[in-house]
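A.B. asks: Sequence:
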Amino acid sequence: MKIKSAEFVVSNSDVTKCPKSRLPEYAFIGRSNVGKSSLINMLTSRKSLAKTSGRPGKTQLINHFLINNNWHLVDLPGYGYARVSKSSKKIFQKFITQYFGLREQLVTAFVLVDIRHKPQPVDLEFMQWLGENGVPFSIIFTKADKLRPKAIENHVQEYKNILLETWEDVPNYFITSSSKDIGKDEVLGYINELNNNFTPS
Numbered sequence: 001m002k003i004k005s006a007e008f009v010v011s012n013s014d015v016t017k018c019p020k021s022r023l024p025e026y027a028f029i030g031r032s033n034v035g036k037s038s039l040i041n042m043l044t045s046r047k048s049l050a051k052t053s054g055r056p057g058k059t060q061l062i063n064h065f066l067i068n069n070n071w072h073l074v075d076l077p078g079y080g081y082a083r084v085s086k087s088s089k090k091i092f093q094k095f096i097t098q099y100f101g102l103r104e105q106l107v108t109a110f111v112l113v114d115i116r117h118k119p120q121p122v123d124l125e126f127m128q129w130l131g132e133n134g135v136p137f138s139i140i141f142t143k144a145d146k147l148r149p150k151a152i153e154n155h156v157q158e159y160k161n162i163l164l165e166t167w168e169d170v171p172n173y174f175i176t177s178s179s180k181d182i183g184k185d186e187v188l189g190y191i192n193e194l195n196n197n198f199t200p201s
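Residue 36 in the numbering used here sits at position 36 of the sequence shown; the count goes up by one each step and never skips.
Hints are computed from structural coordinates only; laboratory data are not their basis. Note that CB positions come from ideal geometry on N, CA and C, so glycine has one too. Any given hint could turn out to be false.
Just the calculated beta-carbon pair ranges, DEER-fashion [stated by the list, open to error]:
no., residue 1, residue 2, range
1, R116, N70, 33 to 39 Å
2, P121, N12, 27 to 33 Å
3, L188, V10, 21 to 27 Å
4, S48, R22, 26 to 32 Å
Subject to a maximum C-alpha distance of 20 Å in a straight line, what follows is the list of computed EDC-like cross-link-like pairs (lysine to aspartate or glutamate) [said to hold, decoys possible]:
no., residue 1, residue 2
5, K17, E7
6, K4, E186
7, K184, D114
8, K118, E158
9, K51, D181
10, K180, E153
11, K47, D181
All chains, full assembly: derive it from the sequences and hints.
C.D. replies: What follows is the structure in structure tokens.
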């Protein structure tokens, strides 16, 4: 898939105010500082579509972007927020939960995980929550340029081993690097495949 157009639509914390269109929707979410904004900019070939920041936890709203006039990319607030109050965390968690519960247009979520680190409980717990609530998702391992191939393989295998303790199958996953454009074609190709099979409810 080639991204020909990508434009910001709306930001809000009220799921009922998300776009009313029946276009297929793909949500990107991960811990703070996982490289989500950089990944979105890499996928869309736009340098500043999603705002990047040295301050983790900057995304605090549901952000919709219209891609190629036929699907929505959704940038969600991170879990494991940095430098925000407990009350703010509860608010974020509430509308993230509502988003996944109410958005019938959602085709799948992409859970971003920093490949440099060992499996983190907060990531595993969130994946478990998605599974228990019937939300389809894929894992996107980010920052692959920071590790050697063998280390990447070992870290992915660690995730597989842990997930298979409670899952029948390992979720679909991608290895990416925003700075090297690694994984771009694979992620966009997967979205294109899902778009081709999408039937509005």
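A.B. asks: Run every hint past the structure and note whether it holds.
C.D. replies: Taking the hints in turn, this is what the structure says about them:
1. At roughly 35 Å, the beta carbons of R116 and N70 sit within the given window of 33 to 39 Å.
2. Checking the proposed 27 to 33 Å range against P121 and N12 shows it holds: the Cβ atoms sit about 30 Å from each other.
3. Roughly 23 Å separates the CB atoms of L188 and V10, a value that falls within the hinted 21 to 27 Å.
4. For the pair S48 and R22, the beta carbons lie near 29 Å from each other, so the given range of 26 to 32 Å is met.
5. With a C-alpha separation of about 18 Å, the suggested pairing of K17 with E7 holds against the 20 Å cut-off.
6. For the hint linking K4 to E186, the alpha-carbon distance of about 17 Å falls within 20 Å, and the restraint holds.
7. As the CA atoms of K184 and D114 are separated by approximately 16 Å, the hinted pair is consistent with the 20 Å bound.
8. Between K118 and E158, the direct Cα distance comes to roughly 8 Å. Compliance with the 20 Å bound is thereby established for this hinted pair.
9. A hinted pair counts as satisfied when its Cα atoms are at most 20 Å apart, and K51 with D181 qualifies at roughly 18 Å.
10. In summary, the hint linking K180 to E153 is supported, as the alpha carbons are separated by about 18 Å, within the 20 Å threshold.
11. Distance hint between K47 and D181 is fulfilled; the C-alpha atoms sit about 13 Å from each other, no more than 20 Å.
Taken one by one, the earlier hints all hold for this structure without exception.
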